[in-house]
Amino acid sequence: MQDLGIRVLFEGKNLIRLLGGLWVTLRISLLSAAISIVLGILLGMVMNRKNPITRAITRVYLEFIRIMPQLVLLFLVYFGLTKAFGINLTGETAAVIVFSIWGTAEMGDLVRGALQSIPKHQYESGKAIGLTQLQIYCYIIIPQTIRRLLPLAINLITRMIKTTSLIVLIGVVEMVKVGQQIIEANRLTVPSASLWVYAFIFFLYFIVCYPISRLSACLEKRWKN
Amino acid sequence: MDIQFISKYLPMYVEAARLTVFIAFIGILFSVLLGFICSLIRYIKIPILHKIVDIYIELSRNTPLLIQLFFLYFGLPKIGIRLSSESCAIAGLVFLGGSYMAEAFRSGLESIPNIQRESGLSIGLTKMQVFLYIILPQAVTVSIPAFSANVIFLIKETSVFSAVALADLMYVAKDLIGLYYKTDEALLMLVMAYLVILLPVSIIFTLIERKMRYAGFGNQSSF
Amino acid sequence: MKNDEKILEIKHLKKKYDDTVILNDININIYKGEVVVVLGPSGCGKSTLLRCINGLETIQEGGIYLNGEKISNQDKKMHFVRQKIGMVFQSYDLFPHLTIVENILLGPIKAQGRDKKDATQEAEKLLERVGLLDKRNSYPRQLSGGQKQRVAIVRALCMHPQVMLFDEITAALDPEMVREVLDVMLELAKEGGTMVIVTHEMQFARAIADRIIFLDQSRIIEESTPQEFFENPKTSRAKQFLNVFDFEVVKHSDSNK
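Residue numbers (full-length UniProt numbering), protein chains in the order written: chain Y, 1 to 225; chain E, 1 to 223; chain Z, 1 to 257.
Honestly, I wouldn't trust all of these hints.
Stated by the list, open to error - Part of the chain Z face toward chain E, derived, beta carbon under 7 Å:
no.: 1; residue: N54
no.: 2; residue: L56
no.: 3; residue: H79
no.: 4; residue: R82
no.: 5; residue: Q83
no.: 6; residue: M87
no.: 7; residue: D93
no.: 8; residue: F95
no.: 9; residue: H97
no.: 10; residue: T99
no.: 11; residue: G107
no.: 12; residue: K110
no.: 13; residue: A111
no.: 14; residue: M159
Rather than coming from a laboratory, the hints here were simulated on the basis of the structure. C-beta: ideal position from N, C-alpha, C; glycine also.
Model the full assembly from the supplied sequences, consistent with the hints where possible.
Next comes the structure, spelled out in structure tokens:
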């Protein structure tokens with residue numbers, strides 16, 4: 001029975017369809033990650049300002065977004081926005097919006113932390129050798145910040161990819177949905193299809209995320225000192 | 001906003017929230033246990049086991065909980081292992097949480113400088129005593145921030161349990177939206193329910209961390 | 001102070017990390033009540049020597065004997081040996097999660113299984129002697145470097161060791177705190193404690209030592225009394241080493257002439 005099961009993956013266009021589903025997942029997560037990283041850097045810099053009003057606003061935004069499960073945020077945008085403003089969002093658009101909002105909050109916090117972790121004497125010794133404010137940022141602060149930030153930002157990408165698995169629950173046709181369709185279509189001929197299909201999807205996620213998290217871990221180790 | 005609707009279906013949310021909290025509590029408890037055991041196995045490098053633990057941790061950290069759950073709930077019955085929604089949810093959460101907790105403990109253990117071990121040995125303690133009285137208490141304190149971040153992360157992850165037919169908060173909200181099209185009310189109650197669960201946890205952990213930092217525990221950078 | 005009872009014997013000790021030889025053919029006898037100071041340029045292996053004696057490092061050749069019993073490379077019973085050999089490290093290595101008195105009592109109670117009341121009494125007496133009784137319930141982070149180092153000495157003493165090893169214990173201290181730590185050691189020496197000291201404080205070495213051992217390039221180069229070593233070093237390497245601590249007057253003013 002199990003020999004039969006694994007064949008379901010290679011029958012007809014099943015493999016291509018699953019990989020196509022993976023591409024949908026990756027497209028959404030990489031797009032969201034890119035938006036998050038750009039907006040997150042801006043947010044982090046804003047959060048580092050001393051202005052109490054911007055501080056309060058960004059803080060509430062950050063805390064709310066980070067405390068809510070991403071699936072709840074997804075529901076809020078997908079069902080809530082549609083109802084409230086009559087905008088009909090596709091699941092994919094809703095996903096990109098939600099993951100960007102969430103990712104921006106995460107990235108913003110990372111950027112803020114990285115900026116704050118640069119010791120004050122780094123600014124001061126920059127000044128002491130006669131650099132301008134801009135030069136201090138370009139040559140001293142930003143290179144050090146990037147070293148702290150890059151591993152964490154890469155790590156955010158794997159989190160984004162894993163989180164994107166949720167979009168099947170608002171009906172986007174991605175890898176899991178394709179998998180379910182394949183299982184459904186073979187319900188009678190290959191009863192053990194679900195075991196193989198889900199194991200395969202599990203494996204695909206691993207194949208995608210593992211190298212990225214290794215890269216992040218390696219960079220972090222290399223730049224530790 | 002339909003207040004009557006809210007008051008009518010509030011009990012459903014309370015019930016679902018209770019279930020979410022229950023599953024999260026059990027799941028996190030076992031995650032801590034599993035994570036602790038895994039980090040110990042890696043720390044003392046038990047020959048074959050520590051390779052297995054390494055593989056488990058990579059698998060668990062690089063795949064989404066949702067897929068792990070689908071595999072457990074829809075895949076495993078095909079080889080004769082049939083789990084209820086509840087046990088499936090708990091198993092999935094522990095599989096995921098164990099690796100996160102293991103990493104939290106590991107970074108705690110690694111943060112203790114070697115000189116602490118050596119000075120423990122130099123006053124004649126056995127390796128076991130050094131671990132119990134010197135390394136472990138410090139490592140646990142150091143890992144509290146990572147540990148609390150993981151607890152909140154795991155509670156949030158419970159939101160996907162509706163996918164394996166567990167009647168949790170998401171399940172109820174989706175039901176109400178589908179049945180009555182009371183989207184605003186259903187979503188408001190959903191957000192409120194998660195805030196009621198997560199906000200106190202988050203505040204408590206922030207307070208504990210602040211207190212720990214004040215006590216200067218685990219702050220070894222002083223030499 | 002010294003008598004003829006041999007406590008510690010090191011015979012033909014050789015220590016390597018991979019292919020790098022750290023210590024080569026080291027032979028030292030240490031007698032009861034003797035204070036031996038090990039000097040030498042950094043990287044000569046002095047600290048490694050102490051770590052070998054305390055069993056923190058395995059050795060490749062030779063042996064170390066305490067009261068005639070072999071203690072080198074004895075992993076199983078090493079914790080019993082370490083109860084008889086106290087060691088104080090360069091970094092203030094107190095346990096940050098325990099109070100001062102708990103730091104001191106951990107060894108006597110857990111390792112030696114002594115009565116808590118007796119041990120506490122003794123710990124307090126020792127703390128009083130080093131002037132830190134009022135800190136008994138403080139945590140290490142509330143103490144200065146010099147105070148922490150004095151506690152570390154008390155922690156080792158409370159185990160009633162037969163030999164005490166001191167590994168550059170003032171090297172990480174601010175200059176004004178060095179004295180208070182050295183004074184504690186001088187007093188121990190006066191009372192007849194057996195000590196092996198690695199230090200960079202030359203004046204102190206001269207004052208406290210019964211014997212100086214000069215290590216360079218992983219070997220013992222010279223072994224003599226402090227007077228002889230500091231006034232009449234036999235080898236050119238020892239002379240060179242001692243010269244490092246002398247400064248020529250750069251700017252001659254009249255008052256200097």
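Hint check results:
1. N54: 6 Å, holds
2. L56: 6 Å, holds
3. H79: Nearest chain E Cβ about 5 Å off; hint holds.
4. R82: Given a least distance of 4 Å, the restraint on R82(Z) holds.
5. Q83: 3 Å, holds
6. M87: For M87(Z), the interface hint holds, since the closest Cβ of chain E sits about 4 Å away, which is under 7 Å.
7. D93: 4 Å, holds
8. F95: 6 Å, holds
9. H97: 5 Å, holds
10. T99: 12 Å, violated
11. G107: Check passed: Cβ of G107(Z) comes within 3 Å of chain E, closer than 7 Å.
12. K110: 5 Å, holds
13. A111: 4 Å, holds
14. M159: 6 Å, holds
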